[in-house]
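There are 2 protein chains.
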Amino acid sequence: MKTTPVKGTNDYLPAEAALRDKLQAAILDVYKNHGFEHIITPAMEDAENLDKSDGGDNLNLIFKILKRGEKLERALADGGELSDMGLRYDLTLPLCRYYAANRANLPSPAKLIQCDRVWRAERPQKGRLREFMQCDIDIIGSSSPDCEVELITTTACALSAIGIGNFRVRVNDRALLRGVLLRAGFPAESLDTVCVSFDKLDKIGADGVVAELTEKCFEPAVIENFKSFLAACPIDIDRIGEFTDDETAAKRLSDIIASARALSDGKYDIVFDISLVRGQGYYTGAVFEIESVDFHGAICGGGRYDNLIGKFTGEPTPAVGFSIGFERIFSILSGAAVKDSSARVAVLYDEGDFIRAEKRARELRADYDVAIYERAKKMGKQLARLEERGFVGYSLPDGELRIFGQ
Amino acid sequence: MKTTPVKGTNDYLPAEAALRDKLQAAILDVYKNHGFEHIITPAMEDAENLDKSDGGDNLNLIFKILKRGEKLERALADGGELSDMGLRYDLTLPLCRYYAANRANLPSPAKLIQCDRVWRAERPQKGRLREFMQCDIDIIGSSSPDCEVELITTTACALSAIGIGNFRVRVNDRALLRGVLLRAGFPAESLDTVCVSFDKLDKIGADGVVAELTEKCFEPAVIENFKSFLAACPIDIDRIGEFTDDETAAKRLSDIIASARALSDGKYDIVFDISLVRGQGYYTGAVFEIESVDFHGAICGGGRYDNLIGKFTGEPTPAVGFSIGFERIFSILSGAAVKDSSARVAVLYDEGDFIRAEKRARELRADYDVAIYERAKKMGKQLARLEERGFVGYSLPDGELRIFGQ
Numbered sequence: 000m001k002t003t004p005v006k007g008t009n010d011y012l013p014a015e016a017a018l019r020d021k022l023q024a025a026i027l028d029v030y031k032n033h034g035f036e037h038i039i040t041p042a043m044e045d046a047e048n049l050d051k052s053d054g055g056d057n058l059n060l061i062f063k064i065l066k067r068g069e070k071l072e073r074a075l076a077d078g079g080e081l082s083d084m085g086l087r088y089d090l091t092l093p094l095c096r097y098y099a100a101n102r103a104n105l106p107s108p109a110k111l112i113q114c115d116r117v118w119r120a121e122r123p124q125k126g127r128l129r130e131f132m133q134c135d136i137d138i139i140g141s142s143s144p145d146c147e148v149e150l151i152t153t154t155a156c157a158l159s160a161i162g163i164g165n166f167r168v169r170v171n172d173r174a175l176l177r178g179v180l181l182r183a184g185f186p187a188e189s190l191d192t193v194c195v196s197f198d199k200l201d202k203i204g205a206d207g208v209v210a211e212l213t214e215k216c217f218e219p220a221v222i223e224n225f226k227s228f229l230a231a232c233p234i235d236i237d238r239i240g241e242f243t244d245d246e247t248a249a250k251r252l253s254d255i256i257a258s259a260r261a262l263s264d265g266k267y268d269i270v271f272d273i274s275l276v277r278g279q280g281y282y283t284g285a286v287f288e289i290e291s292v293d294f295h296g297a298i299c300g301g302g303r304y305d306n307l308i309g310k311f312t313g314e315p316t317p318a319v320g321f322s323i324g325f326e327r328i329f330s331i332l333s334g335a336a337v338k339d340s341s342a343r344v345a346v347l348y349d350e351g352d353f354i355r356a357e358k359r360a361r362e363l364r365a366d367y368d369v370a371i372y373e374r375a376k377k378m379g380k381q382l383a384r385l386e387e388r389g390f391v392g393y394s395l396p397d398g399e400l401r402i403f404g405q
Numbered sequence: 000m001k002t003t004p005v006k007g008t009n010d011y012l013p014a015e016a017a018l019r020d021k022l023q024a025a026i027l028d029v030y031k032n033h034g035f036e037h038i039i040t041p042a043m044e045d046a047e048n049l050d051k052s053d054g055g056d057n058l059n060l061i062f063k064i065l066k067r068g069e070k071l072e073r074a075l076a077d078g079g080e081l082s083d084m085g086l087r088y089d090l091t092l093p094l095c096r097y098y099a100a101n102r103a104n105l106p107s108p109a110k111l112i113q114c115d116r117v118w119r120a121e122r123p124q125k126g127r128l129r130e131f132m133q134c135d136i137d138i139i140g141s142s143s144p145d146c147e148v149e150l151i152t153t154t155a156c157a158l159s160a161i162g163i164g165n166f167r168v169r170v171n172d173r174a175l176l177r178g179v180l181l182r183a184g185f186p187a188e189s190l191d192t193v194c195v196s197f198d199k200l201d202k203i204g205a206d207g208v209v210a211e212l213t214e215k216c217f218e219p220a221v222i223e224n225f226k227s228f229l230a231a232c233p234i235d236i237d238r239i240g241e242f243t244d245d246e247t248a249a250k251r252l253s254d255i256i257a258s259a260r261a262l263s264d265g266k267y268d269i270v271f272d273i274s275l276v277r278g279q280g281y282y283t284g285a286v287f288e289i290e291s292v293d294f295h296g297a298i299c300g301g302g303r304y305d306n307l308i309g310k311f312t313g314e315p316t317p318a319v320g321f322s323i324g325f326e327r328i329f330s331i332l333s334g335a336a337v338k339d340s341s342a343r344v345a346v347l348y349d350e351g352d353f354i355r356a357e358k359r360a361r362e363l364r365a366d367y368d369v370a371i372y373e374r375a376k377k378m379g380k381q382l383a384r385l386e387e388r389g390f391v392g393y394s395l396p397d398g399e400l401r402i403f404g405q
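Those protein sequence lines, which keep their order, are chains A and B.
Under numbering that gives the first Met the number 0, think of the first position of the first sequence as 0, with each following residue one higher.
Under numbering that gives the first Met the number 0, think of the first position of the second sequence as 0, with each following residue one higher.
No wet-lab data here; the hints were simulated from the structure.
Any given hint could turn out to be false.
Okay, derived cross-link-like pairs now, BS3-like style, lysine-lysine, Cα gap no bigger than 25 angstroms in a straight line [stated by the list, open to error]: (1) K202(B) x K70(A); (2) K51(A) x K31(B); (3) K21(A) x K266(A); (4) K358(A) x K70(B); (5) K1(B) x K21(B).
Partner residues are not named here, just some residues of chain A that face chain B (Cβ under 10 angstroms, in silico) [said to hold, decoys possible]: (6) S52; (7) R116; (8) N224; (9) S333; (10) K380.
All values derive from a computational prediction rather than experimental measurement.
Where is the CB? At the ideal position from N, CA and C, for every residue including glycine.
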């Protein structure tokens, strides 16, 4: 039988699990301390819900659950769908369904937390896991831009709490970007493909973006317009009005940036980046990302998705969320030593003496986490191992507690 | 789009999630306080591992993950397996694989914790969930019966910590039961089917068991032998030697019961029950269950499985585990009110005043969990709702904290 975990998933050793537990608890504490409420949703979702969820590329990465019994036989006979459920690829789609189902029992706006696993059939490559944790906060039922600010400051506070101090928040607005592209003359139905190219500005530069758009056969006049916009990039939020007709979006994002800056106490930057797109198709307004300055790449991402919940409820319901990419954080911090909140000691006993060992352990458990082990023949070696594993001392069933190194 | 969670799974509202978090944290604390270490394994396991895991009926309840892309096309064309992974149906099989893969980095014996979700395609009926939590502790690498005692006292301590005080531990030993059935004259290869009937002693009585065995066409002389044994049931552990040749198993279980009783401080009973079988095929020695006296049915189950890890490592590795059936506990306690460890207050602000609201919230977060909400036009109604939801007070951005009812 195979001993390795399935491709793209991890086993976590005790020290790793302790760090994961500690980070998750710290993040959850900050979220709760900011008035958000924890909810729990199932790992599996209806296949149709997943398919209709505007999840962009992620829709191609869904792990599907095979139908069973008669249902499966019928599907095989008819050439029908082999699956009617899948593992969730993010926590936003389950949240929307949850909100639609439970909104009568939730406050409005609802400020909700999910910290849980998601699954994506990513191609195995460095850093891409097929099972990973996300830690999300969402505000549902308010279209106030204060929500964006609250999510940014709360997430920043969570990052600080776990020792990720040096980061930068990048923000954009899908509506604003749309306005810029329309003004340049791109046809409304082509904006998605334009965005795919524009999103690469960081990597391939303005010339690369222009080359891609030319290859995509957009009119030279339109590309020329867009070139003069690209020349002005990176562009300040105060100047974006020159390139779009959507003054509302410009004002809204400008206000979000100003408020988030005012609340950052100068500890982190809020940077406007018109080329920030983010993959999910469901975003409708502000989008944001946090990137670590010390470690390349995004560690958090989110945005406003005002149309997704309406698909379930039939009524427009504004919503915005921010997700901490837990695995990235974990890999950054996994070198860090975990100080257990309570120190561990061992009670060592000889065969036949378990009851006295357990009773001695009970006395010590008020002050320590206490493990019971049979005493090894080579007790010195055993003690050295315990010390290596982080135990601070040991006791025999009828002995005093001996602290290592004293 | 469908708003209900998929069949057999649950959404949890904030108050329910708070109770689940609290129970899980309390159980984990007790486990850690007893020197066990938390580990984490993936939700998905290799299909072949699952199929060969001696999981009894659970093997028919595995949710399988559909292959993807070319692999799926090939399987459909060849009539091959449509799945090569499944969701774990318990935490024991993943633990064994984990131990085999990571034993070089684990202490011996390894005392490990898993608290996580498992999935079974149960028929939807009251109380049978398709996604549920288990909280397991296992000791791997020791064949000492002290392990059984340690698991029983640790689990009992966890139950007490979460307020389940009134329970009873039922214990048996597979080897002992085997000895009894062999002495009665049942053929060795038929013991599993005999156990299926004998396991129902509680429900259908001795006559029912005899009727089933007669129907299964066992020899009248054998059934007659077994009848005289049934007449002696419930049998005391001290008398079981009269009905088996396996003195070792009898002595071992007798010692376990005596030690567990000595450590129970009279707070719970340890009951020998020769008819306790437990479904999993992988158990080899002691098996145990805890049942609530106040609420019908088992709330914990476990046993020794000395052969399962060897399937992965090729070397015999003794192991024993005990699992808390978290969902049963949750349903018993779900009426109980959750006292949040920290009290919640709200900061209410008017549009345009978010920054001052957030700054006021920051002052209060040292002492309270603080949620920020826009002030409703009908503020009295809003305050009443907050109080209903468990908030203890509120503040305006520039005001004092007002505690409700003062």
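Hints versus structure:
no., hint, result
1, K202(B) x K70(A), "violated (34 angstroms)"
2, K51(A) x K31(B), "violated (43 angstroms)"
3, K21(A) x K266(A), "holds (24 angstroms)"
4, K358(A) x K70(B), "violated (57 angstroms)"
5, K1(B) x K21(B), "violated (30 angstroms)"
6, S52, "holds (8 angstroms)"
7, R116, "holds (7 angstroms)"
8, N224, "violated (36 angstroms)"
9, S333, "violated (13 angstroms)"
10, K380, "violated (12 angstroms)"
Hints 1, 2, 4, 5, 8, 9 and 10 from the earlier list are contradicted by this structure; the remaining hints agree with it.
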